[in-house]
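Participant: The primary structure of each chain is shown beneath.
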Amino acid sequence: MSKQADKNVKVSKKKDFSPANIILWIILICVAVVQIFPLIWLIDFSLASSNEMFTTGLLIIPNKIQWGNYAKAFVDGHFLHYLRNSILINGLAVILVVVISIMAAFACKRMQWKLNNFVKTLLLLGMMIPIHATLLPNYKIYSYLHMTDTIWALLIPYVAFSLPQGLFLMTGFLDGVPVELEEAAVMDGCGIYRIVFQIVTPILKPSIATVCIMTFLNNWNEFMMASTYLSSPKWKTLPFSILEFTGQYSSNYAVQFAVMALTAAPAVIVYIVLNKHITKGVAMGAVKG
Amino acid sequence: MKKKVLSLIMATTMVAGLVTGCGDSSKTASNNSSADTAAVDTSSADNTAEADTSSADNTTGDNAATESTEDITIKLFSNLPDRKNGQGLVEQMIIDEYMDANPNVSIEVEALDEEAYKTKFKAYAMDGMPDVVSIWGQPSFLDEVLDAGVLAELNESDYADYGFVSGSLEGFKRDDKLYGLPRNTDIMLFYYNQKMFEDNGWTIPSTYDELLSLADTINAAGITPVAMDGADGWVLACYLEDLLTKVNGDCRGIISDAVSNGDFSNPVFAEATQILVDSAAAGLFQTGYDSQDYGTAMNLFTNGQAAMFYMGSWEASMALNEDIPEEIRTNIRAFTMPVVKDGVGTATDIAAWNGGGYAVSATSEVKDEAIKFLNFMYQNDKLSKYGWENGVGMSAQDQSAYMTGNETELQLQILDILNGASSVSGTPINDCGPSAFKTSIETEIQSVANGTESVEDFLSTIGQSCK
Amino acid sequence: MKKLYSNKLVILSLVFPGLLVFVFAILAPIILSVYYGFTEYSGMGTATFIGLENYKTLFHDKAFGRSLLNSLLLAIGFICIQHPIAIVVAAVLDKLQGKAEGFFRCIYFIPNVISVAVIAYLWKFIYNPDFGLLNNILHIFGVQEKINWFSADLAIWSVLIVLIWHGFGWGMLIYYTGIKNIDPVLYEAASIDGADAKTTFFRITLPLMKPVIQVNVTMAVISALKQMETVYLLTNGGPGNRTQFAANYLYQQAFKAFKYGYGNAIGVVFIIICLIITVGLNTLFADREKKA
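Residue numbers (our numbering), protein chains in the order written: chain P, 1 to 289; chain Y, 1001 to 1467; chain D, 2001 to 2292.
Isolated chain P (complex conformation):
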């Protein structure tokens, strides 16, 4: 009843062109323009040629649309290769974070042992550590173990710094899951592993989705570690290609714009397609975390 009424109130408000309402719309539109215009500008400039850029106008109307900029960015920027790396590394990181955090959450919340709270707090401590403070010592450690320039150099810190958040969400969610289900499973003679992965995991679905999204967003755009720990193009990820590319095309602005647009594209497209799920996931993660 209340929801219905609520809707009615809102619908009637929408048709109302009172000054207050117009102001609200203006606020919304202004903020939207501020948020989106730089990106429109980016795309606009990426289609012009370099020497058209020194204008005083807001946008350029290119004499000829320079699709060649994108061709150059795509080929010389090794777009597909870097994209593959990004997807692979982030995908693995997400899987690892989900699996490890479910296991740890179950152990800390359900299993009966003395140190459960201590271990949980210890693992959650990672949330407070500034990730960049570990750049220097980690570099030493990875060099010593010959792990620089391998996928592990990114995977391990990515997992480590997303794990606390994952664990936090999982334990929070696990609190609300009734123990009875597990008790029944124990009666049926299930082992712990089976309980964790077959009974509990499906129930945790909503928080798994959130953990996936948060981990992905955290790491997809990560740049500093990628540029410190990696050297050859073998495992370099998408954000790094920009740095490399701006050096390569320092004298051609338009192509730089094109490579930026191209690098931003996958995440933006995925976001627009999955908009609802992602905002929901982020909201849940953020409010709880």
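Please note that a few of the clues may not be correct.
[Unchecked claim] As a list, the in silico SDA-like pairs of lysine to any residue whose alpha-carbon atoms are at most 20 angstroms apart:
(1) D:Lys2062 x Y:Leu1178
(2) P:Lys280 x D:Cys2106
(3) P:Lys280 x D:Ala2100
(4) P:Lys276 x D:Lys2095
(5) D:Lys2095 x D:Tyr2005
(6) D:Lys2095 x P:Ile23
(7) D:Lys2210 x D:Ile2085
Derived from the structure by calculation, the hints contain no laboratory data.
Since the structure is predicted, the reported quantities are computational estimates derived from the model, not experimental observations.
Put chains Y and D on the given structure of chain P with help from the hints.
Facilitator: Same frame as chain P, now just chains Y and D:
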């Protein structure tokens, strides 16, 4: 049930994976590398078709032959990210040529621009360097690197007939042992747009005061006088070096004394710094020069927004860069720092040095091949010749044999400047001390130039950093 | 059940991966950092133990002080500029229905999914005095002067604007979710009582959002402290050290100035500051909640 098995397998592999990750990463790395060589090769700039086939051969051979030394991969770490123009192109040409001549060798290039390169190089120096690296024969760069012994010693007598300009190897030596070879002779220049000068009736300034009054005229015309890469403090420091030379002639002794005592109270420093500060305040450089990087400054000039561009002779290849509008690139000329009032230095005392070069890693697993490649690069008809043909500035070797008659006006001008020089400054001031000094002066010089720090504070702060 | 649930071996197998990652990627580096923080070490060769010397230097280091001040400025900027706008926009958005709501929410969040590397370079161009978007906009409004957005005085604000712009969607979304969680019955009651939009916002929305605001404020302060990548790519701390931040500074000291030991000392202090502030804010808010 299936689900259970799957999840179990997943969990165990994850754990196992992590364990291997810690203990036995080298194995993983080598597996990865064999699977990925092809991908890497395509990404290491523009290989020719032949080079690609050769690397494909490597991939197939790699799995079987880990012990045999037949297939060799040399990792080259370069400060030349632009592989299609100028020096980067030259380097890439030689690499391709070498890989053609030695099908069993593949060369992987990692290239970053100067600032990023130097940072990453230091990280590398801490542990495990690529096989061939770009270096600078200057204390700020080389001292700590040589202390750590990460560069391989080269046999100087091997290079007797390579035609190195006399004295050019000095910066690359310690205790009479040679650790690297110079690539260029660098001169600091004001590049200018000749057509713009002629159209507006501007003339090349012969004194510093003329330069400043010219700047006023140019500003009044709504154009930026000098495009300056101020975000990278080293260019400003080179400018300071240039001014020091004009104020006092040869400053090597003064600078090395100041650095070793941490005391920059010699009035020469204050005088030269003051000129820089006044010039910046008078609007000689573009708005926001202190935060604009190399590319931005250069683009200002190459797109006709600035009349001049202060940079080293290595950018002479602008004259042949197809990305630059023809009307501009064919009109680029250069002059050196004009003389300052009451200065000791004459017009032909120039800021020039042998800076950049190459070296081989001491811990390289393919050291012999890397040195072989290094020597190949320095063969008389390689770096030097290709560089000259591609409009790059002066090499550190005798180039007189390669005069083709097709040189750009700009190249001939630079050649004249160098040949007519009565003295050269040697290593610029920011590179004369340890890297803590370099970091300090390159940061502080921005503050002093934009007026947020006084000249005295600047000099005392950089003095502090030497201690 | 109890026996099954207290099997030590099983417990170990479940927490082991998590602990391993923690020890390897967080604990070990921190211990190493503490060790190197006591040494003079260029990163190559051998490290010499020098006791608290690094920390003494750090205490007098102007650039480090500057970077903490910048973090503070940034946090204030987030709290005083970004958050009020975000709350208002979230409240307005809540009033919309259907497609328009989804559309705006989507647009506001887009900058968040774009890599910092792209954002930094994009804004470098936007701030460019010669052809940048910002000066061109001002040009339309009659400002002829070319403004240098990265001058010593303006640079930190320019950096601030980028960060506010980039993080806006995130903050907005959290407030939006908070508002959505408010029981609509309260609004109905308010409208029956004849309250206007303003009163409703200040009397109902804001007070009920308190816990969300606290979470957001904590996150803003921490992210201001941890700031590195945008600054590294946008200004690298310059001009001078005007836009220096702790993380960027330690990176510069270690990898540019070859003061690896000193860099680690900065790292240690940096971690301690982050811990203190996080714990401090949490207890502060927790106390308040109890009193309320």
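Participant: Of all the hints numbered above, which does this structure not satisfy? Sort the numbers upward.
Facilitator: 1, 5
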